[in-house]
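Spelled out, the chains give:
There are 2 protein chains.
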Amino acid sequence: MSKALEGLRVLDLTRVLAGPYATMLLGDMGADIIKIEAVGHGDDSRQFGPYVNGESAYFMSINRNKKSITMNLKNPEAIETFKEMVKKADVVVENFRPGTMEKLGIGYEALKEINPSIIYAAASGFGHTGPYSKRAAYDAVVQAMGGIMSITGPAGGPPVRVGSSIGDITAGLFCAIGILAAVCHKKDTGEGQKVDVAMLDCQIAILENAISRYFVTGVSPKPQGNRHPSIVPFETFDTADGIIMVAVGNDSLWAKFCNEIGLPELIEDERFNTNPKRIDNYDELRPFIAEAMLKKTTAEWQDALDKCGVPESPINNIEMVLKNPQVLARDMIAEVEHPVAGATKIPGVAIKMSGTPGEIELPAPTLGQHTDEILSGFLGKTPEEIAHLKEVGAV
Amino acid sequence: MSKALEGLRVLDLTRVLAGPYATMLLGDMGADIIKIEAVGHGDDSRQFGPYVNGESAYFMSINRNKKSITMNLKNPEAIETFKEMVKKADVVVENFRPGTMEKLGIGYEALKEINPSIIYAAASGFGHTGPYSKRAAYDAVVQAMGGIMSITGPAGGPPVRVGSSIGDITAGLFCAIGILAAVCHKKDTGEGQKVDVAMLDCQIAILENAISRYFVTGVSPKPQGNRHPSIVPFETFDTADGIIMVAVGNDSLWAKFCNEIGLPELIEDERFNTNPKRIDNYDELRPFIAEAMLKKTTAEWQDALDKCGVPESPINNIEMVLKNPQVLARDMIAEVEHPVAGATKIPGVAIKMSGTPGEIELPAPTLGQHTDEILSGFLGKTPEEIAHLKEVGAV
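Those protein sequence lines, which keep their order, are chains A and B. Under this note's numbering, think of the first position of the first sequence as 20, with each following residue one higher. Under this note's numbering, think of the first position of the second sequence as 20, with each following residue one higher.
Some clues are possibly wrong.
It does not matter which identical chain is meant; a pair holds if it fits inside one copy or across any two.
Said to hold, decoys possible - List time: in silico DSSO-like cross-link candidates among lysine-lysine, alpha-carbon distance up to 27 Å: (1) Lys107 <-> Lys122; (2) Lys315 <-> Lys342; (3) Lys241 <-> Lys315; (4) Lys131 <-> Lys206; (5) Lys153 <-> Lys131; (6) Lys326 <-> Lys122.
Derived by calculation from the structure, the hints in this document are not laboratory data. No experiment lies behind these values; they were computed from the predicted model shown.
Chain A with its partners taken away, still in its complex shape (with noise of 0.2 Å):
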């Protein structure tokens, strides 16, 4: 079966994690990937652990369908070749600080003389304008100025980093989304254009409602906890062995959820039989719900809530995750034969198309892997043309 980006053709110059997530997403749906590595040492994130007999598992989770080049951009020679393969490709994705493609003589003024219809993505941590344009950014850096990490934490508690790298990862996912309606773009008209993304706008794009509801009340949101702002019951409990998330999301599930957890005079009390009165009344109504979820353990309230239609769920760890049935059944956990890793499992590919299915075709690359296929394959260069660009340290 065909891909959906099928011979759309991408150079990845991208490293460590926005940027080759970015990229992964449009590998699984079928875009050719060629991921230029600096020599010798790569993408830096294949120094980062655990390894899996000397491959970095946290390269290997996100630079699958990606072929491996070699080429060192300081060498003119290699700059010459990375611009024979821009004209023959569709777009170049880099994640470096604002101003290196320039010094490298690549950015996307020079790129698009030589190919006007190239489309030119740029992920970076502030982004190629603004008076922070040239700093250097960390997911950190980025969550704790964003203000997701103002809003997350337990409630009347220190203010907590989100604890995946979501700085970087929504930037990557934004610039997915740039890159493709380029490409519609393109297909379109034939015109390229540049595409912009900072990891600092898209944690502004992520707030969700804190930005319209400081406009409104003056008042910065602050960490809840596990409460949700505007329903009760909506949040963690502590369970005879655990704790369990409980979703009551309106009266009809209100009084599911007391019956169930042997509490019925609750369902109709004055104090209690709305959403609003269980917001003013939260501290007089909390303590009754937290006695009776004590009573049973986490998976004794999955089974009752499930069959009452409660929406619930443990606070699964990874090893819980990776045992859900609905996580197995939508192949979430995928398991990959690397050439040297062995039997690998990573994330599989979230967006499920019926027609043109996505798919880990490859593994991720060794350093180098495709060096000579994309010279001789893409490229169409010679043998002699090959070793020639070996000898002088370009690739």
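Given the coordinates of chain A, assemble chain B onto it according to the supplied hints.
Only chain B this time, still in chain A's reference frame:
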């Protein structure tokens, strides 16, 4: 200037967050978003406070660039009218519980009979397959189930929900990517398809390296607070008047940082002179830094660390985010004039495209604001036909 997705016609049946977030992204880039809302009631999030002149700030923040038509999809004439719209549309997006569209007679199988090239995108809690498929989900439930809570929170403390609805928002982002990939495929082949995105799947996809770490080590990662798992020092410290995040990403920054905080003797200290040693001797190292950081205010440290190039950020609350010079320079806070609410501020467009820049052209619609315009302009209905549809309660 033209827009990247100009001419793309999207019928948007979605409510609250994941679906509306996806169609907002498409609308920002020029797609025509026809938001179909329940007669009288509309998108559920129109009832979410806080309100400005009776209009929900929540709703307004994610429904710009859309036109609203009200339809009662339980009325057979409304279903006929919807099917007429499908004939002229490129994309249908819905986020009902799986099975709802089939019950209404407008599931993917029915719609592709009418328009074989239609792209049908569904965002749901658990997806359209698997044992949990028919269950209701809320953001808090998928955050608990998908593992991100188990790695978010103070070190040694309880798991914490991410303060913005990342379960919905990432599903919206993946959904937009799936739709655009399907649009690319349709432009090449004329073929439509179904795109099925589950909030839970997306939670697995954003776990970063937690899954591969588990497979290599056999240990489920735990909440780490604000500390980086493999770089030191890379975390928050208390200052004289608040908190600051510092990200000392390599040994060269380590030297600059030690000099700046008045502890140059630590640079070459045998216990701390490489990152692996700083990790091993973390408990010895932290008190030195913590004490030093208390000596200046957050603003003073910002100045000092910026000057020597050490990445840092205060933990901005929403008020501070909205005053940040980079956020403002990037137009990430947009002012929109709403016909009822007046001037409101909402997040800007995060994807910056040089050739076809996104734009906020329309404020969020009032309920049914464009019903007549869509029926006459898009479907070519006469005033009499429109009056009839209203009379029978179809629109």
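May I ask which of the numbered hints given earlier this structure violates, with the numbers listed in increasing order? none
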